[in-house]
Amino acid sequence: MSATLQTWLSAFFTIAIYTLVLYKDNKVFRFAETVMIGITAANGIVLTYHNYIKPVVAVDIIQNHKYLQLIPIVLGLMMYTRFVKPIAWVSRIPMGFWVGVGAAYILVRNPGVFISQITASFLALNKLNNLIFVVGVIAVVVYFYFTVPIKSAPMKGATTLGKAFLLVSFGATFASTVMSRISLLLGRLQFLLQDWLRIAKV
Amino acid sequence: MKKTLPFALAFVSALTITICVFFDLAPALVEEIDKWFILSTAFVCCIGLVNLTKVHTRNIQRRGRDWDLSIVLLAITFGYLLLGVVTGPTAPLYAWIFDSTAVPLGATFYSVLSFYIVSAAYRAFRVKSRDAAILLISGIIVLLGNAPIGEVIYPGFGTATKWIMDIANTSAMRAVIFGATIGSFITAIRVFLGIDRPYTATGE
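Line by line, the protein sequences give chains B and C.
Residue 202 is where the first sequence ends in our numbering, and the numbering goes up by one at each step.
Residue 204 is where the second sequence ends in our numbering, and the numbering goes up by one at each step.
These are calculated hints, taken from the structure and not from any lab test.
Treat the hints with caution; some may be incorrect.
What the hints assert, rightly or not - Taking lysine to aspartate or glutamate and the DMTMM-like style, the derived pairs with C-alpha atoms no more than 25 Å apart in a straight line are: (1) B:LYS24 with C:ASP196; (2) B:LYS27 with C:ASP66; (3) B:LYS27 with C:ASP68; (4) C:LYS54 with B:GLU33; (5) B:LYS156 with C:ASP131; (6) B:LYS163 with C:ASP166; (7) C:LYS35 with B:GLU33; (8) B:LYS127 with C:ASP166; (9) B:LYS201 with C:ASP66; (10) B:LYS66 with C:ASP68; (11) B:LYS151 with C:ASP131; (12) C:LYS54 with C:ASP66; (13) B:LYS163 with C:ASP131; (14) B:LYS66 with C:GLU31; (15) C:LYS162 with C:ASP196; (16) B:LYS66 with C:ASP34.
What the hints assert, rightly or not - Which residues of chain C face chain B? A partial, calculated answer using Cβ under 8 Å: (17) PHE37; (18) SER119; (19) MET173.
To be verified - To be clear about the criterion: a stretch of chain C counts as covered by chain B if any three or more of its residues have a C-beta under 8 Å from a C-beta of chain B, and this derived list gives those stretches: (20) 58-66; (21) 147-157.
Glycine included, C-beta positions come from ideal geometry on N, C-alpha and C.
Whenever a hint applies, use it, and build me the whole structure from the sequences.
Spelled out as structure tokens, the structure:
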């Protein structure tokens with residue numbers, strides 16, 4: 001397909017989305033939104049079908065006769081019973097399986113990562129930055145301690161310090177988000193001006 | 001039956017994996033359960049499509065708001081789905097459509113947020129208290145540290161940004177992760193023991 005047509009389509013959809021900000025909610029914006037939902041939903045199913053469903057059905061079950069693979073297929077299909085009210089409870093069975101597997105993985109796989117994170121957090125206190133880091137971790141942990149009311153002065157001081165660390169972190173995260181969004185905006189403007197209108201030089 | 005069977009399945013699958021992984025027993029069984037987990041979730045991929053079709057078919061029948069767009073949505077979804085299933089996701093036409101629509105639309109949707117984030121920043125960064133001042137100072141330093149103009153205004157912005165990101169931000173986030181991980185452990189134990197049964201709400 002032509003690259004020019006692709007550029008024009010991309011430009012149309014880019015401008016269609018910006019009409020929400022530059023004008024107000026309108027039919028062109030909603031059309032672009034509709035296309036986005038349709039393409040994304042279909043793409044998700046297509047990728048799942050070609051990466052997981054087709055290989056198992058065509059190779060494992062039909063070619064290699066691994067009929068045990070029918071069990072997860074039946075489990076997955078049970079979820080669709082939620083659209084039929086009298087048997088909607090059947091969809092709880094696969095949910096039970098997924099929740100059980102998920103809970104087990106949290107119990108058996110997370111401790112390793114968690115313990116290594118704790119070890120990495122308690123640095124040797126031979127540098128000022130290391131000291132600030134360790135104090136920051138402890139202060140924020142204390143800030144999230146809700147089991148009993150905090151009344152003593154040292155604990156109150158620690159929660160105040162923890163809150164300050166959190167605020168610095170939130171400010172930094174917010175600034176990083178702003179930067180990434182502005183970068184995307186510049187990318188789209190660059191596309192419109194350079195690739196589509198060709199009025200700005202690369 | 002309605003409550004016991006899902007709980008039994010949750011308990012048995014959780015217990016099997018826990019025992020097998022902790023005591024390093026039957027790795028093939030764990031691998032098989034892993035595969036079952038992935039495959040069973042893959043077969044649920046159409047549940048959103050069924051719901052989408054139900055909602056928009058009803059909208060078309062009732063001539064509801066933007067019913068014409070509902071037709072467009074169903075046509076695009078099923079047309080693109082059929083094309084993808086028949087030709088595969090690497091087919092030139094399929095990739096061309098994706099690159100012409102979803103790629104620019106996705107990037108533009110995220111970039112639109114930059115307009116709203118500016119107004120959010122105005123509200124969040126108004127210095128009304130000590131807390132807001134800390135938020136503002138940290139945000140401005142990181143913004144200027146990442147933007148080329150920041151280094152021109154004051155060369156120390158880059159170093160200050162690195163310090164905020166590496167020390168203050170990492171230490172705070174590390175503690176938040178500790179809290180979240182402990183919370184997930186507790187939830188997992190509650191699910192394991194059947195104190196929490198989130199799956200029993202399905203189909204009510």
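Hint numbers not upheld by this structure, sorted from lowest to highest: Numbers 1, 7, 9, 10, 15, 18, 20 and 21 - these are the hints that the structure violates, sorted from lowest upward.
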